[in-house]
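Participant: Here is how the chains run, residue by residue.
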Amino acid sequence: MSLLEVRNVYKRFGGIIALDGVSLDIEEGEILGLVGPNGSGKSTLINVLSAFYQPDGGRVTFAGEDATDLPAHRLAALGIARTYQIPRPFDTMTPRENIAVSYMFGRSRHSLAGAREAAQQWLEFTGLAKVADIPISELTLHQLKFLELARALATQPSLLLLDEVLAGLNPSEINESIEMIRRVHDQGITLLIVEHVIRVVMSLSDRLVVLDQGAVIADGPPEEVMSDPVVVTAYLGDGARGA
Amino acid sequence: MSSRLRVVLGFAVAAVVLFFLPTLQESLDLPRFYVIFLFTVFFWISQASSWNVLTGYSGYFSFGQGAWYGIGVYAVAVLSGKHGWSFIAAVPIGGLIALGAGLLVGLVVFRLRRLTGEIFALTTLAIAFVLAAVARITTAIDGGTGIFMTGTPIPEFLGDFTTAMYRMTLTIMLLTVLAAYLIQDSRLGWGLFAIRDDEPVAGGLGVPVFRSKMIALGVNAFFAGLMGGVWSLQLGFVTIDDVFNIRVPLFVILMTVLGGIGHWMGPVVGAVIIYTLSDRLNSAGLTDVNQVIIGALLVVLALAVKEGVYLRMRARWVTTIVTFAVVMGALTVFDVNESLISDFAMTMVVVVVVLLVPARVWRFGRNGDDGDGPPVGMDAMTEAGGS
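One line per chain: the protein sequences are A and B, in this order.
Read in order, the letters of the first sequence are residues 1 to 243 in the numbering used here.
Read in order, the letters of the second sequence are residues 244 to 630 in the numbering used here.
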């Protein structure tokens, strides 16, 4: 049994079909890379898997439990956490408090007493300890991205969905982030990584799934998938194959 | 001493002091009006504080205060005024009916994802209109004739009318403020603050958003209805136009925003300032411009002191206390006004004006000992701040 099983998931917005019968598995302990051209449905899939959107059809099973219609907070309790491509911190709270809220709710309940202290471990893990108690508005994009990660980790998930954590970062920040993602994985957390930077996904992932126009067009080892003619066509257009 | 213990002790001291305050009126031979003034302030503190739990904490802007309040008023007016039930038994029932109505409304509006923002505000406003229409056409409730409360007896152990009103409003006010404080300083409160900042993200991190909002709305409706029930007695003659109007929702918004929305002390400070001013303007014969003046005040303060007067007072408590003591003392000693309430109103105005001036102006040429600006994050909001 896979940790997460997605079967035939549909999602449409008005006349646009964003997910057209997506099926995939995420095995416990792996790093699965999810790639595809712009508008292929990667973010929509993450939004469905985190109950941000309700799917219009299909089934999602997490750790053997039907998770299709569960509200978001129940998924968090089951152990699914996510980050947002554009950081969405609670902006009346400091970074420490953002993480404390996440720790109090998340996968298991903890009381307010001690939550701020508990936040320290994730502040240190993501290197945010220095900026723990300043207003959110003073954080850089890079720090906000790490706060997204810290807050997701504080829910103590077993599956973490990373939505373009590297977008907008400079090369040295990207390298730092890759290190951090590896360390997260070393803690035994299963990862689904949505990423634009192919080089990064290739180096991190155990397996790649390629989405195009809301459907899975390839699923397998990274090297193999990226040389698949169907994938090349999806990325570069029809002319590319002959060229 | 932990901050939690400090606040709870503060509550106990405030409760004892306030309970015996009316005896001061007798021994100092002050007019009875002072006691009525105080319990009206309690009424507004409770209304504003309960509104703050829903709107200030969860961010759902509600105009429903008039509905919850009105349900409490009418429940008691019907049960005691019409059917002769014991007043003391009817008041909690008023609170519970308001609670039930609140939860029923919540069940619908919080299930519909689109009912956020201004749509939520307008929906809650509509509830009071619907209730008013229902009460008007139902003779079992009102039927358009109004209900007299003057024949309703009050239990003897509460004292004469004014003393009884004072004790009942004081009790409910203290319970409301205590509830607001305990919620703010709890897991539930932090969940609500997360919902206020970004509801979908809060849900994704495990905050049970529906349940949290239901609790906030329930607390709001219950205390508004409970105090409404007691207030039916003060109204004397309960009519639809007096009860289901825009006054209650408007005033709680003004009070809470001025005092500091989202902090349990904000509505307390705001209610004291706004009601005192409103009362003085009325007694000076300025009833018509009353709301204009208060509205203008709110606009100025909302722009100048975004965090609310209370947090500004706390950040600059030395300035606040000194200004208050000097002005209040001077006005009393020189006997400027006939009424202590006028002294108090003037003093509050001076304190607020002084707090409007940026701290750096007072500190010109020296190092300030008096804090500047609000503290950061939830530390600004909770006394349990880490650092």
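It is worth saying that the hints were derived from the structure and are not from the lab.
Bear in mind that the values here come from a model prediction, so they are computed numbers and not experimental data.
Errors might be hidden in some of the hints.
Stated by the list, open to error - Pair by pair, the computed Cβ-Cβ distance ranges are:
{"#": "1", "chain 1": "A", "residue 1": "Gly127", "chain 2": "B", "residue 2": "Lys549", "range": "28 to 36 Å"}
{"#": "2", "chain 1": "A", "residue 1": "Ala63", "chain 2": "B", "residue 2": "Val373", "range": "55 to 63 Å"}
{"#": "3", "chain 1": "A", "residue 1": "Ala113", "chain 2": "B", "residue 2": "Ser526", "range": "53 to 61 Å"}
{"#": "4", "chain 1": "B", "residue 1": "Tyr277", "chain 2": "A", "residue 2": "Ala118", "range": "29 to 37 Å"}
{"#": "5", "chain 1": "A", "residue 1": "Gly39", "chain 2": "B", "residue 2": "Arg354", "range": "51 to 59 Å"}
{"#": "6", "chain 1": "A", "residue 1": "Lys130", "chain 2": "B", "residue 2": "Ser526", "range": "28 to 36 Å"}
{"#": "7", "chain 1": "B", "residue 1": "Val579", "chain 2": "A", "residue 2": "Gln120", "range": "34 to 42 Å"}
{"#": "8", "chain 1": "A", "residue 1": "Thr140", "chain 2": "B", "residue 2": "Val579", "range": "22 to 30 Å"}
{"#": "9", "chain 1": "B", "residue 1": "Val576", "chain 2": "A", "residue 2": "Thr140", "range": "33 to 41 Å"}
{"#": "10", "chain 1": "B", "residue 1": "Thr575", "chain 2": "A", "residue 2": "Gln120", "range": "27 to 35 Å"}
{"#": "11", "chain 1": "A", "residue 1": "Gly188", "chain 2": "B", "residue 2": "Val260", "range": "43 to 51 Å"}
{"#": "12", "chain 1": "B", "residue 1": "Ser582", "chain 2": "A", "residue 2": "Ala113", "range": "27 to 35 Å"}
{"#": "13", "chain 1": "A", "residue 1": "Lys130", "chain 2": "B", "residue 2": "Lys549", "range": "21 to 29 Å"}
{"#": "14", "chain 1": "A", "residue 1": "Leu141", "chain 2": "B", "residue 2": "Ser582", "range": "31 to 39 Å"}
Claimed, not checked - Derived, one-sided and incomplete: chain A residues facing chain B with beta-carbon distance under 8 Å:
{"#": "15", "residue": "Glu28"}
{"#": "16", "residue": "Phe52"}
{"#": "17", "residue": "Leu70"}
{"#": "18", "residue": "Ala76"}
{"#": "19", "residue": "Ala77"}
{"#": "20", "residue": "Arg82"}
{"#": "21", "residue": "Gln85"}
{"#": "22", "residue": "Arg88"}
{"#": "23", "residue": "Met104"}
{"#": "24", "residue": "Leu112"}
{"#": "25", "residue": "Gly114"}
{"#": "26", "residue": "Phe125"}
{"#": "27", "residue": "Thr155"}
{"#": "28", "residue": "Arg207"}
{"#": "29", "residue": "Gly237"}
Quick reminder that beta carbons are idealized off the backbone N, C-alpha and C, glycines included.
Participant: The structure should be examined with respect to each hint, and the outcome stated for every one.
Facilitator: Each hint, compared with the structure:
At about 32 Å, the beta-carbon gap between Gly127(A) and Lys549(B) stays in the expected band of 28 to 36 Å. Distance hint for Ala63(A) and Val373(B): a CB-CB separation of about 46 Å, inconsistent with the stated range 55 to 63 Å. Hint check: Ala113(A) to Ser526(B), Cβ distance near 48 Å, so the stated range 53 to 61 Å is violated. The supplied range of 29 to 37 Å is broken by Tyr277(B) and Ala118(A), whose beta-carbon atoms lie about 50 Å from each other.
Here the CB-CB span from Gly39(A) to Arg354(B) is close to 31 Å, at odds with the stated 51 to 59 Å. One distance hint, 28 to 36 Å for the beta-carbon pair Lys130(A) and Ser526(B), is violated here, with the actual separation near 56 Å. Distance hint for Val579(B) and Gln120(A): a CB-CB separation of about 55 Å, inconsistent with the stated range 34 to 42 Å. Checked against the given bound of 22 to 30 Å, the beta carbons of Thr140(A) and Val579(B), roughly 55 Å apart, lie outside it.
Under the hint 33 to 41 Å, the C-beta atoms of Val576(B) and Thr140(A), about 56 Å apart, miss the expected range. The hinted window of 27 to 35 Å between Thr575(B) and Gln120(A) is violated, with their beta carbons roughly 51 Å apart. The hinted range of 43 to 51 Å is not satisfied by Gly188(A) and Val260(B), whose Cβ atoms lie roughly 57 Å apart. At roughly 46 Å, the beta carbons of Ser582(B) and Ala113(A) sit outside the given window of 27 to 35 Å.
Hint check: Lys130(A) to Lys549(B), Cβ distance near 27 Å, so the stated range 21 to 29 Å holds. The hinted window of 31 to 39 Å between Leu141(A) and Ser582(B) is violated, with their beta carbons roughly 58 Å apart. Interface hint at Glu28(A): violated, since its Cβ lies 21 Å from the closest Cβ of chain B, which is beyond the 8 Å cut-off. Interface hint at Phe52(A): satisfied, since its Cβ lies 6 Å from the closest Cβ of chain B, which is below the 8 Å cut-off.
The interface hint given for Leu70(A) is broken, as the beta carbon of that residue sits about 11 Å from the closest beta carbon of chain B, more than 8 Å. Checking Ala76(A) against chain B: minimum C-beta separation of about 3 Å stays under 8 Å; hint holds. The interface hint given for Ala77(A) holds, since its Cβ lies 6 Å from the closest Cβ of chain B, which is under the 8 Å cut-off. Of the supplied interface hints, the one on Arg82(A) holds, with its beta-carbon coming within about 6 Å of a beta-carbon of chain B, less than 8 Å.
Residue-level restraint check for Gln85(A) is violated (minimum Cβ-Cβ distance to chain B is 13 Å; threshold 8 Å). Checking Arg88(A) against chain B by beta carbon gives a least distance of about 5 Å; that is within 8 Å, so the hint holds. Among the interface hints, the one on Met104(A) holds; its C-beta lies about 5 Å from the nearest C-beta in chain B, closer than the 8 Å criterion. At a threshold of 8 Å, the smallest CB-CB gap from Leu112(A) to chain B is about 5 Å, leaving the interface hint in force.
Annotation: interface hint on Gly114(A) violated; nearest CB of chain B at approximately 11 Å, more than 8 Å. The beta carbon of Phe125(A) comes no nearer than 17 Å to any beta carbon in chain B, farther than 8 Å, and the hint placing it at the interface is violated. Of the supplied interface hints, the one on Thr155(A) holds, with its beta-carbon coming within about 6 Å of a beta-carbon of chain B, less than 8 Å. With a cut of 8 Å, the hint placing Arg207(A) at the interface with chain B is violated, because the nearest CB-to-CB distance is about 25 Å.
Among the interface hints, the one on Gly237(A) is violated; its C-beta lies about 36 Å from the nearest C-beta in chain B, farther than the 8 Å criterion.
Going through the hint list in order, the structure does not satisfy hints 2, 3, 4, 5, 6, 7, 8, 9, 10, 11, 12, 14, 15, 17, 21, 25, 26, 28 and 29.
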